[in-house]
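Going by full-length UniProt numbering, the letters in the sequence shown line up with residues 1 to 296, in that order.
Hint data in this document are derived by calculation from the structure and do not stem from the laboratory.
Some hints could be false.
Said to hold, decoys possible - In silico DSS-like links for lysine-lysine, alpha-carbon gap of 27 angstroms or less:
(1) 28 <-> 254
(2) 246 <-> 271
(3) 246 <-> 265
(4) 217 <-> 77
(5) 271 <-> 217
(6) 254 <-> 265
(7) 274 <-> 246
(8) 254 <-> 217
(9) 235 <-> 246
(10) 235 <-> 217
(11) 254 <-> 77
(12) 246 <-> 217
Stated by the list, open to error - Label-pair distances were calculated between CB atoms; the ranges are:
(13) 253 <-> 168: 22 to 32 angstroms
(14) 204 <-> 234: 27 to 37 angstroms
(15) 196 <-> 64: 48 to 58 angstroms
(16) 250 <-> 72: 23 to 33 angstroms
(17) 245 <-> 123: 37 to 47 angstroms
(18) 61 <-> 271: 29 to 39 angstroms
(19) 164 <-> 100: 17 to 27 angstroms
The C-beta atom is built at its ideal place from N, Cα and C for all residues, glycine as well.
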Amino acid sequence: MKWVYLVSGATRQAHHQSAARQVRQLEKEVVYVRLMEQTREIHPGMGLRTMYELLEPEGIGRDAFVALGLREGFRLKAVERHTRTTFSVKSNRYRNLLGGIWFTGVNQLWVSDITYVYCLGRFYYLVMVMDAYSRRILGYSLADNMRAENNLNALRMALETRGISDYGGGLIHHSDKGGQYVSDIYTDTLDAYGIRISMCDEVYENTHIERVNDTIKNQYLNRIHIASQRELMQKVAQVINTYNNKRPHQAIGKTTPSEYENLLKEIPIEKRTKMEIYTQERAERLDPNQLKIQFN
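Taking the hints into account, I'd like the entire structure generated from these sequences.
The structure is reproduced here in structure tokens:
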């Protein structure tokens, strides 16, 4: 090997130090890849950048982490998006109440929507109710039909989760104008709990919950092998638990929804992030990505 050192101009010590660094780098990459594997087992549709922010691995930058993940086969496969779940009712009974309101805490705005899950050769319909401020999914229901009772079951779960008998008009429930949401059994329940009813004038006025639909369905459920309806029910519960308790959100300080709700208990209202929802009425001054943040 002496002639190699002479030709390269490197010393024996430098050569061994370089080889040792390469070995350590390879050992680190094995650890990083294993972390990617473990994360994908829990979050099957999580992208590499989001994964990096979740893991915060030492000794590697984001771009290098992403490049390693792509090289090791962690590129996400695209999933199909189709099928209509909203069949609006032409009604002026309920208008969009969200224009010009700044939200500063939980139980001020709940949002709800229906999405489909194609599984076992048929469509199932998942309804979720989410607290828009904390991003926590409070209630959900899965059925093989789109009857209003499915929406009502999700709402009842949300009401049970919060355990409040009368919101006194301080909470707004926002949805599209789907027939399930304007049904008497649904609106009567909202009225009974003192919850004000708000509905979209345009389809893009409920994007908070639609983003969650996409995450739950296309980043989780559509990437899991499911062998029976019973298993589907179990997986839905597991995925929503993961979403609430294990998946950090950029918009809430890279915390999980459950963590964020606990943190809010220690933050005075005047020091909280203010959230305003995009509406067509105020489109000329709001961010079309729906969320506008103001820091005090």
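Quiz prompt | Hints violated by the structure (listed by number, smallest first) | solution = 5 and 17
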